[in-house]
Amino acid sequence: MAQIFKPSMNTVSKVSIVALLLTAGGVGAALWAINKSPFVARTRIPFDQAVPFSHKHHVAGLGVDCRYCHNTVERSASAGMPATETCMSCHSMVWTNAPMLEPVRQSWATGKSLEWNRVHDLPGFVYFNHSIHVNKGMGCSECHGRVDQMPLMYQQNTLYMEWCLECHRNPEMRVRPKDKVFDMTYQHPADQKELGAKLVAEYKIQKFTDCYTCHR
Amino acid sequence: MRLAFVVLAALAAIGCRQDMHDQPRYRYNSASDFWGDRRAARPAVQGTVARGQLKTEDTLYWSGTIQGQAVDLFPMPVTKEVIARGMDRYNIYCSPCHGSSGKGDGMIVTRGLKNPPSYHTEALRDQPAGHFFNVITNGNGSMMPYAARIPVPDRWAIVAYIRVLQRSQNVQVAELSASDREKVEKEEPLHPAPRKQEAGH
Numbered sequence: 001m002a003q004i005f006k007p008s009m010n011t012v013s014k015v016s017i018v019a020l021l022l023t024a025g026g027v028g029a030a031l032w033a034i035n036k037s038p039f040v041a042r043t044r045i046p047f048d049q050a051v052p053f054s055h056k057h058h059v060a061g062l063g064v065d066c067r068y069c070h071n072t073v074e075r076s077a078s079a080g081m082p083a084t085e086t087c088m089s090c091h092s093m094v095w096t097n098a099p100m101l102e103p104v105r106q107s108w109a110t111g112k113s114l115e116w117n118r119v120h121d122l123p124g125f126v127y128f129n130h131s132i133h134v135n136k137g138m139g140c141s142e143c144h145g146r147v148d149q150m151p152l153m154y155q156q157n158t159l160y161m162e163w164c165l166e167c168h169r170n171p172e173m174r175v176r177p178k179d180k181v182f183d184m185t186y187q188h189p190a191d192q193k194e195l196g197a198k199l200v201a202e203y204k205i206q207k208f209t210d211c212y213t214c215h216r
Numbered sequence: 001m002r003l004a005f006v007v008l009a010a011l012a013a014i015g016c017r018q019d020m021h022d023q024p025r026y027r028y029n030s031a032s033d034f035w036g037d038r039r040a041a042r043p044a045v046q047g048t049v050a051r052g053q054l055k056t057e058d059t060l061y062w063s064g065t066i067q068g069q070a071v072d073l074f075p076m077p078v079t080k081e082v083i084a085r086g087m088d089r090y091n092i093y094c095s096p097c098h099g100s101s102g103k104g105d106g107m108i109v110t111r112g113l114k115n116p117p118s119y120h121t122e123a124l125r126d127q128p129a130g131h132f133f134n135v136i137t138n139g140n141g142s143m144m145p146y147a148a149r150i151p152v153p154d155r156w157a158i159v160a161y162i163r164v165l166q167r168s169q170n171v172q173v174a175e176l177s178a179s180d181r182e183k184v185e186k187e188e189p190l191h192p193a194p195r196k197q198e199a200g201h
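So the protein lines, in turn, are chains A and B.
Residue numbers for the first sequence follow our numbering, so the first one is 1 and each next one is one higher.
Residue numbers for the second sequence follow our numbering, so the first one is 1 and each next one is one higher.
Honestly, the hints are just simulated from the structure, not real lab data.
Among the hints, erroneous ones may be present.
As the list claims (entries may be wrong) - Facing chain B, a subset of chain A residues (Cβ under 10 Å, in silico):
1. 63
2. 65
3. 92
4. 125
5. 214
Glycine is no exception: its CB is placed at the ideal position from the N, C-alpha and C atoms.
With the hints as constraints, model all of the structure from the sequences given.
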């Protein structure tokens with residue numbers, strides 16, 4: 001009776017085992033990369049808005065403080081979106097004929113809200129509170145990135161749970177002095193670990209990693 | 001076999017739903033198709049008074065007036081903390097137009113707006129504290145109201161800081177401490193110049 005397998009099948013079987021493992025690993029790596037890609041995580045994609053508002057111009061160019069517009073960030077869960085009145089505080093006098101600002105003038109004249117597309121869209125089962133973060137030395141740019149360099153707003157970070165937890169487990173690597181929270185240009189010093197540990201103790205920052213910290 | 005795989009893949013794709021992500025509840029500033037104005041957040045019914053916010057009581061606190069007259073009083077003790085808070089809030093909300101020293105030379109002037117009035121005039125030095133509180137609350141001329149953006153205690157802190165700014169630009173040399181007087185006589189600055197805003201764009 002003839003042999004079913006030729007001797008060369010020894011090699012083929014070994015190669016196919018390796019190939020199978022590589023394929024499985026490759027598929028895993030590809031899924032991992034896709035999950036973190038801008039396409040899935042919606043990072044680094046400027047959003048279309050009714051008014052192409054430039055944070056770069058207003059923050060880096062004019063030096064307007066974050067809180068001039070996001071004025072509830074220190075006392076409420078939401079940072080707050082500016083009312084049309086806030087836009088008109090300057091734009092009733094500056095760039096009053098700019099076509100770009102027509103939706104703002106319409107909103108002011110009719111009392112209808114400007115409708116913005118939400119850039120940072122946390123899942124409905126996450127309860128995030130801005131005020132506790134900024135009041136404990138967590139800077140805006142820590143999560144939102146260099147907003148002062150963004151002509152159109154985009155999401156810098158994935159906002160995935162692993163990303164939240166990375167800081168909730170090691171707040172000393174991210175905390176900064178309270179008077180630098182709204183400083184977009186702040187850079188962590190070389191001795192961040194020591195400074196961070198000191199600030200964590202001073203600000204009484206707790207390492208909240210229980211599920212119910214964010215999910216309730 | 002191939003058909004089974006396709007069916008399985010299709011079932012898996014259907015399984016990927018975002019129901020938990022996009023829950024049927026309104027979030028801050030959400031839009032709503034139910035209301036004519038498309039706002040999920042509803043305005044308070046006219047005449048609603050929140051507990052402890054009846055503005056006809058304690059008119060000094062709520063409007064800087066007593067019996068309809070703006071008065072030169074503060075509803076709280078003006079402490080160092082109040083002034084520090086006032087400086088912080090002033091620099092956020094007021095300095096873009098009024099300038100960090102209150103001369104009316106803020107950033108917006110470089111954008112083609114005419115200067116808002118300087119605080120360092122006889123007329124504005126003589127205005128009672130209640131006047132400044134009213135202007136912040138209700139606006140004045142081309143200035144928009146800031147009542148929605150600045151809570152009442154912070155408005156008072158800003159008024160206290162405006163008084164500090166006025167004082168800082170209106171001191172007789174004889175009133176200075178000996179070391180400061182020496183600096184003035186040598187024409188050295190008493191304090192470092194305020195941080196300049198980055199220009200451009």
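Hint status (Cβ of residue 125/A to nearest Cβ of chain B, threshold 10 Å): Hint holds; residue 125/A Cβ to chain B Cβ min 6 Å, cut 10 Å.
So, residue 214/A near chain B? Judge it on the closest CB pair being under 10 Å. Residue 214/A check fails; min Cβ-Cβ to chain B is 14 Å, beyond 10 Å.
Close enough to count: is the Cβ of residue 63/A nearer than 10 Å to one in chain B? holds, 4 Å
Does the interface hint hold: is residue 92/A within less than 10 Å of chain B, judged Cβ to Cβ? Result: holds, 7 Å to nearest chain B Cβ.
Against chain B, with CB atoms and a cut of 10 Å, does the hint on residue 65/A hold up? OK, holds: residue 65/A within 10 Å of chain B, min 4 Å.
Of the numbered hints stated above, the single one contradicted by the structure is hint 5.
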